[in-house]
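Let the sequences and hints guide you as you build the complete structure.
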Amino acid sequence: MNCTKFITGGITCPKGFEAAGVSCGMKSQGKDLMLITAQKPCAVAAVYTKNAVKGAPLTVTAQNILHGRAQAVVCNSGIANCCVEGGVAAAKKICSLTAKALHIPPEDVIVASTGEMGVPLPMDRVEAGIGEAAGACSREGGHDAALAILTDDPTPKELAVEFLVGDVPCYIGGVAKGSGLLRPNMATMLCFLTSDVNIHPELLDRALKEAVEKSFHCMALGGIPSPNDMVTILSSGMAGNGKITDLGDGYQAFCQALSALCLELAKWMAKDSRPGGRLLTCQVHAARTETDALLAAKAVTSCSRVVEALSKGIPCWTDIVCAIGGSGANVDGGAMDVSLSSPASEETVHLCSGCTSLFFDVQKAHDLLKESEIILSVDCNDGFFDAVSYGCLDPVPEL
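Under the numbering used here, think of the first position of the sequence shown as 871, with each following residue one higher.
Just so you know, the hints here were simulated from the structure itself, not pulled from any lab data.
Derived SDA-like pairs: lysine to any residue, alpha-carbon spacing no greater than 20 Å straight-line:
1) Lys885 to Arg939
2) Lys1137 to Ile877
3) Lys897 to Pro1024
4) Lys897 to Pro992
5) Lys970 to Gly1005
6) Lys1182 to Gln1233
7) Lys1113 to Glu1032
8) Lys910 to Ala1109
9) Lys1084 to Thr1161
Dropping the structure here:
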């Protein structure tokens, strides 16, 4: 095996991790506190929201992991601990309570929250939940943990990958939440990753940033970035591979697996951002720069006019090229080609060439737009750079 293989499971698939999800009364129903624990201190990396307003948990986590290690992740759902007096003190208290329950230093705890902003945390309930979760952690607790971080998501999102570093089997697991109207820079989302790869913390940080750029930062569905968005990874080093200390084959294998996992979770979040949603992928080719390509792709998936038309089965190529033309991307407005396809079909419908309508089969286009995944391909015919963005369409309208 020399490639990434997706497997069932999540954050407890890698060696050295246990998890739990419990109910402590922060939501009206369901589990609302997640705990991930590691057998030993782990290499750690994180990527945070680019919103200038940042939740208290991010402030505390960023300070805690400056020393390059962590051994636990605690996250509550229902209350965001953001834009509230005493939020930082509350986040630090959560770290202290978790550390005491697990007999680890408080600075080895990552803390996160998601939910309603401007509301103080009920610390008595949080304390009780942490105690219960610490006693419930197990290798079988990953699914409960996935349930405990949900807010508006219709389904929990958990996945793992298996791959080789040299000849040593290694694993990365992930759990994520993200619903509502997502934007670039990880809007309204959290993702917690675990790995058993032995890797230098600086390379772990580099790999995570690369993976996030290729996945979560490619989502664009309108809305605003959340102050609490965060992606973290803990790596236990217990797989038994020789430590990754350079950008060689081991690092490349790890990056490939991590990027693949993050991309699948990002697509899942994009699709779930609307009830019964369908995945919309916009691929932009031959743009002048990488920035132009990404601006163009995101302009399409975040354009409400485009999304509404496609959801109704209308192959609105004029709205697509106009969205790109108004995106700020440096493109030749008269050179774009647009086509429509789906992984579920062998058909491709070419809608326009050089921003001029083609005599395409409208019924074929309409049929393609009923599929669960839609791909728009835009060729700018203007350069050598490509990009992709992910969005969401409404369910197929009932007749």
